[in-house]
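Peer 1: Here is how the chains run, residue by residue.
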Amino acid sequence: MVVYTYYPGCTLKTQAARLDSYARVSARALGFELEEIDQWQCCGAVYPLGTDEVAAKLACVRALMAARDSGRPLVTLCSACHHVMKRVNHDMRMDKDMRAKVNNYLEDEGPYGGETEVLHYLEVLHKHLGFAKLKEMVVNPLSGRKIGAYYGCMLLRPSAVMEFDDPENPTLFENFLKALGAEQVVFPQRNECCGGYISLRERERSAEMAAKVADSAARHGAEELITACPLCLYNVNKTSGGKLPVVYFTELLAQALGVEAEEEEAAHVG
Amino acid sequence: MLGRTDLPNRLRVISGAKDKDCMKCGKCSASCPSYEKMDIRPHQFVSYLQRGDVDAMMNSTTVWACLCCYACIERCPRDVKPAQIIEAARLMLIRRQGDTPYVSADDIPELLDPDTPQQLLVSALRKYTK
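Quick note, the sequences are listed as chains A and B, same order.
With our numbering, letter number 76 in the first sequence gets 76, and the count goes up by one each step, no holes.
Numbering-wise, our numbering comes out as the position in the second sequence, counting from 1, plus 1000.
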């Protein structure tokens, strides 16, 4: 069985436990295993944009080093973790000044130079397994379900660093849905902001922004949405009040692979 | 080292942005989902830096309205990175004040609900506090 080093992140241990557990049971059904990093630390959820923010990157660098030492790529699931991890790794590879400063902090543990390959779970399905192979392994095709893929911001932008997909016309999630047998619904707002962290204090603002996304999806015929981001899920579910349910993409994957029940057993035990 | 008085250049260093390359096409503001909530719009923010009016930038509603969705950075034809200029102004403000006028840690328990994801709290604390 292929093994990947895995960084779950804080939300996947709590509110977004389903994003994590469905991913794990699906991985086993697909022939790979996610091996969690020992004692990982929070990525910070937002990429530290200031050029003088060094310490805020250390948690990611430690995870990236653990992956390098394991000799395997580092797999992420949460959009925010993926964003921060991928960008910090890029800094460590490309930004000589930042690399030197971070390595000064990591005196005994370092040095690190961006050697790790960071992959989102969806990229594992696309690049390593292949959607054609995924399609063959589907036992419960999601036929007749009209599903919109809500990409949000973090996976796509800035595309020069994220290298996830075309930032304006992405197709990765749609091809994933196609492999699961669902009817994919492309809608204009799928790569726009849900309001992000503004929902902490200005809930009406995030409601407005998330409603734009949900309305756009509904107008184009979507009956449900998928996402990889716990904050997108929260903001859109809050505003649509369940009329247009948003679920994690791994949940649909587990349904299509027929391993959904295994997750529920695991969730009860854990 | 940059002196205390040279705020525009300090902001340039922290942001890593290239305000001088801006050709005023306005694509950043046209792309911005928070445009209407900003008293200084993204393309104007770049001009404020060119003029060196850092105080106005730090006191703007823009520093709280920007959500770092990176649409302006993605779509800028000159790689100016307007969101990084806004971020640097916010960082300079919260570093000076310690806590922010936008939200304080004491307000937070009241703002939670049973579904609040940890990601939301961590993001907000990173953005709004030192």
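If you're looking for bench data, these hints aren't it; they were derived computationally from the structure.
Fair warning: this is a prediction, and the values are worked out from it, not measured in the lab.
Don't take every hint at face value.
Said to hold, decoys possible - List time: in silico BS3-like cross-link candidates among lysine-lysine, alpha-carbon distance up to 30 angstroms:
(1) A:K243 to A:K212
(2) B:K1037 to B:K1027
(3) B:K1037 to A:K101
(4) A:K212 to B:K1024
(5) A:K212 to A:K146
(6) A:K178 to B:K1024
(7) A:K243 to B:K1037
(8) B:K1027 to A:K101
(9) A:K96 to B:K1018
(10) B:K1130 to B:K1020
(11) B:K1024 to A:K101
(12) A:K96 to B:K1037
Peer 1: Could you run down the list of hints and mark each one as holding or not?
Peer 2: Structure-based check of each hint:
Annotation: proposed proximity of K243 (chain A) to K212 (chain A) holds, straight-line Cα distance about 14 angstroms (limit 30 angstroms). With a C-alpha separation of about 17 angstroms, the suggested pairing of K1037 (chain B) with K1027 (chain B) holds against the 30 angstroms cut-off. Taking the CA atoms of K1037 (chain B) and K101 (chain A), the gap is about 37 angstroms. The hint is violated against a cut of 30 angstroms. Restraint check: the Cα-Cα separation between K212 (chain A) and K1024 (chain B) comes to about 28 angstroms, which is no more than 30 angstroms; the hinted pair holds.
Of the supplied pair hints, the one linking K212 (chain A) and K146 (chain A) holds, its CA atoms being roughly 19 angstroms apart against a limit of 30 angstroms. For the hint linking K178 (chain A) to K1024 (chain B), the alpha-carbon distance of about 41 angstroms lies beyond 30 angstroms, and the restraint is violated. This hinted pair checks out: K243 (chain A) and K1037 (chain B) have alpha carbons roughly 28 angstroms apart, not beyond 30 angstroms. Of the pairs offered as hints, the one joining K1027 (chain B) and K101 (chain A) is violated, with about 34 angstroms between alpha carbons and a cut-off of 30 angstroms exceeded.
Proposed proximity of K96 (chain A) and K1018 (chain B) is supported: the alpha carbons are some 19 angstroms apart, at most 30 angstroms. Our distance criterion of 30 angstroms between C-alpha atoms is met by K1130 (chain B) and K1020 (chain B), whose separation comes to about 29 angstroms. The hinted pair formed by K1024 (chain B) and K101 (chain A) fails the criterion: a straight-line CA distance of about 35 angstroms is larger than 30 angstroms. Of the supplied pair hints, the one linking K96 (chain A) and K1037 (chain B) is violated, its CA atoms being roughly 37 angstroms apart against a limit of 30 angstroms.
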